[in-house]
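Once you have looked at the hints, place chain B on chain A.
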Amino acid sequence: MPETLLDIKNLKIEATVYPPGEDPHDITIVEGVSVSLEGGKVLGLIGESGAGKSTIGLSAMAYGRGGVRITGGEVTLNGRDILKLGPKALRGLRGREVTYVAQSAAASFNPAKRLMEQVIEATLKHGLCSRSEAEARAVKLFRKLGLPNPETIGSRYPHQVSGGQLQRVMTAMALCPEPSLVIFDEPTTALDVTTQIDVLAAIKEAIRDTGVAALYITHDLAVVAQVSDHILVLRNGNKVEYGPVKQIIEDPHEDYTRALVSVRSIDHEEKKPAEPVLRVDNVTARYKGTNFDVLSNVSVDVAPGQTLAIVGESGSGKSTLARAITGLLPPSAGRITFAGRTLTPDLKTRSIDDLRELQMIYQMADVAMNPRQTVGTIIGRPLEFYFGMRGEEKRKRVQELLDQIEMGKGFIDRYPAELSGGQKQRVCIARALAAKPKLIICDEVTSALDPLVADGILKLLLELQAQEGVAYLFITHDLATVKAIADSIAVMYRGKVVRYGPKTQVLTPPFDDYTDLLLSSVPEMRLGWLEHVIETRKMESAGN
Amino acid sequence: MHPIVKLLSQRIALGLLLIIATSALIFAGTQILPGDVAQSILGQSATPEALANLREELGLNEPALSRYFDWLFGALQGDLGTALTNGKDIATSMASRLANTLFLAFWAAIIAVPLALILGLVAARYAGRWPDKLISGVTLATISLPEFVVGYIVMYILAVNYRLFPSTSVIYDSMSLLEKLNAIAMPVIVLVLVVLAHMMRMTRAAILNVMQSAYIETAELKGLRPATIISRHAFPNAIAPVVNVVMLNLAYLVVGVVVVEVVFVYPGMGQYLVDHVSKRDVPVVQACGLVFAAVYIGLNILADMIAILTNPRLRHPK
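Just so you know, the sequences run in chain order A and B. Numbered per my numbering, the first sequence spans residues 19 to 562. Numbered per my numbering, the second sequence spans residues 28 to 345.
Be a bit skeptical, because a hint or two may be false.
30 Å max Cα-Cα, derived DSSO-like pairs, lysine-lysine [unchecked claim]:
#1 A:K222 to A:K501
#2 A:K102 to A:K27
#3 B:K345 to A:K162
#4 A:K501 to A:K556
#5 A:K158 to B:K345
#6 A:K59 to A:K257
#7 B:K345 to A:K514
#8 B:K33 to A:K306
#9 A:K131 to B:K33
#10 A:K306 to A:K59
#11 A:K131 to B:K345
#12 A:K106 to B:K160
#13 A:K143 to A:K106
#14 A:K477 to A:K257
#15 A:K306 to B:K345
#16 A:K264 to A:K501
Everything labelled a hint here was simulated from the structure, so no lab data went into it.
So here's chain A without its partners, still in its complex pose (with noise of 0.2 Å):
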């Protein structure tokens, strides 16, 4: 009989929130959660934002993040209901049995700080070894980790390092005191499909050779799928379903399962090519200060009514390129038209038509709108700008933008923190709407949000362009986003397009290297992905 390491029994964890404009008051995050997780394996929990993952993994240190409070239940961990430690039991268990991986480790590694000092800073303060036996730890988990110059990348700063060696770093730091369990919050959320590969890969291994259990936080099926021996659905602080890998997988019972494993589902057959409507011509372009070009000699056409895909991971000059078309980054060289006409190259002598038949939807819609604007009054200001629209007109055209849009008479006089992620997204894509604009400019515009409230913002954008015949550059580093909307693509790597064409063209083999490392990269929905990718991987490299 194997043994249990972590058994949680009917948690209930609250919260206090202040809401504009109403009391303070309190708010039930997780209720009635109970599950178990033996020694040495890998419990995936998945859901939303708001369905108190990360909420649940923190329990089992006995941790609520601000103002997050467990007020019920039991927590056991190695034997004892750690919910009933006081503070200095509870910092002799932090760090030493359970430790975490948090999503951005850009952000959880103190700046000040080499990361050496913070790899082995718990260990030491456990006392479990002396310092050079720690750093020694330290060296062998970063060499098992695949670092580069797993001697010296210690001495380094946070800041010296990429985000993908940082995150395995941090997963060295949690690995150190040699806990009984780990939790990973997202870790490799933030990282290019590119990158997250080998991080998954280099967990996935750390995990196995060391034997420690863990816990797995994502929003992304598809990649706990590749790591977990058992999965948790949550949503809403509820457990919807629990049970192996396979089952959830291949066999879910619930439906809001379903719905996340068949998310990606959106049908999207491509357009015939036709005259376009914007010609990006050998544009060139360069950030002011520096000596290279981010965007050299870029040419990519976009039909009216059809959507053009720029896909590529950080860095690769896709928004760069979205500044550039816009105007707030003048190009060096190269010509842009749109719809016949050719754009000057800086945004303050364009005409008030090339502005408003060019709009621009971006990936935060929370910092695209004035906090103190009500809806209204954001959607009405391009009506007013651009069409003098006034009172009782302008409304009624709000209220119709509103309701293409699919969002009620209600939503009108409310302000942006009064809505959700998806909701503020849709506000500001009938901002982009009222203008009238021949095309619009979707920078990252679903990567931010949950992967079922993404799928209706997509299909939203479909039908939008369907109704009103504009056309998008849409902008993504998320393939799947890409088969859904897209009728051609523009692969983009170092600020050059490397592969464009229709999108079955680009889909379709033979690929150049790039686009089949990036295609490959994708995690899928089906057991052993990860092992068959880094396997093929290797027979590739070893066969070169």
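The following block gives chain B in isolation, referenced to the frame of chain A:
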């Protein structure tokens, strides 16, 4: 060249430029003051001939620009001119005054800065609880009272009631260090009370700001004690804002202590300046202004340089 060397030399160059610009302002300021130096030296009953002779002698008939450059180049070589009222060399008479002021500022700073930092750390550690409220309340009270009020209260309690210290703080070169410290104890106490609050509150605010960071949670989840988290993880990242306020207060200890010096009859720069302002001794006022400006700018540039040096991103570029 290491980029940090470039940054630091830029700051130093900027500081020198600022001092020169300030010197021009000081000179211009004293020129547009109403009244006439010769007149104020000789008094109302002076004959026009005597005034003309004195103006000639003082070089007041030269164009302002050439007088400014004469003064500036002299000052750069340590020659601040001679006082009109007693004909003494300003640099020499100011040196001992400046030394006294720095002596007082030094002892006030050596107590106030560590005390403020410790109180700030304690207040941040117990934020919102009684130690925080007590520290914040008391320091707020001492900063809200005008310095001379604090000065007379301290004097009343320590010198009059308990007779611990002399009521005036006159010091001579022949006194031993201990005697000097005994003499300046009360002004030091007053200055500490006055500058404590700013530095303590800034330390508290900067620490609490850093405490919101994700890496503080990482430290908590390592099982570190709250005091360790604050001193090892939060404080190193709060240095830049704190050091700026510390330097502003140090500058205040040198250039802003006029009132305290007058209250305790302490022979420092403040008294010297006040004396000569009332006598319209323009060269002395200009010299004091220049020295004060140099101290003020110097300390602020120093704060900038410390902030640059403690920033790991600048110290260890990619």
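Results for each hint:
Using a Cα cut-off of 30 Å, the hinted pair K222 of chain A and K501 of chain A holds, with the two alpha carbons roughly 28 Å apart. As the CA atoms of K102 of chain A and K27 of chain A are separated by approximately 14 Å, the hinted pair is consistent with the 30 Å bound. With a C-alpha separation of about 24 Å, the suggested pair K345 of chain B and K162 of chain A falls inside the 30 Å cut-off, and the hint holds. Distance hint between K501 of chain A and K556 of chain A is fulfilled; the C-alpha atoms sit about 27 Å from each other, no more than 30 Å.
This hinted pair checks out: K158 of chain A and K345 of chain B have alpha carbons roughly 24 Å apart, not beyond 30 Å. Taken as a hint, the K59 of chain A and K257 of chain A pair is honoured in the structure, with Cα atoms around 20 Å apart against an allowance of 30 Å. Note on K345 of chain B and K514 of chain A: the hinted pairing holds, with a Cα-Cα distance of about 24 Å set against a maximum of 30 Å. The suggested pairing of K33 of chain B with K306 of chain A holds, with an alpha-carbon distance near 20 Å, which does not exceed 30 Å.
The straight-line distance between the Cα atoms of K131 of chain A and K33 of chain B is roughly 24 Å, inside the 30 Å bound, and the hint therefore holds. Simply put, K306 of chain A and K59 of chain A have alpha-carbon atoms about 51 Å apart, too far for the 30 Å limit, and the pair is violated. Our distance criterion of 30 Å between C-alpha atoms is met by K131 of chain A and K345 of chain B, whose separation comes to about 15 Å. For a cut-off of 30 Å, the pair hint linking K106 of chain A to K160 of chain B stands: about 25 Å separates their Cα positions.
For the given pair, K143 of chain A sits about 13 Å from K106 of chain A by alpha-carbon distance, which is consistent with the 30 Å threshold. Distance check on the hinted pair: K477 of chain A and K257 of chain A sit about 28 Å apart at the alpha-carbon level, within 30 Å; holds. The straight-line distance between the Cα atoms of K306 of chain A and K345 of chain B is roughly 20 Å, inside the 30 Å bound, and the hint therefore holds. For a cut-off of 30 Å, the pair hint linking K264 of chain A to K501 of chain A stands: about 26 Å separates their Cα positions.
This entry does not satisfy hint 10, going by the numbered hints stated previously; all others are met.
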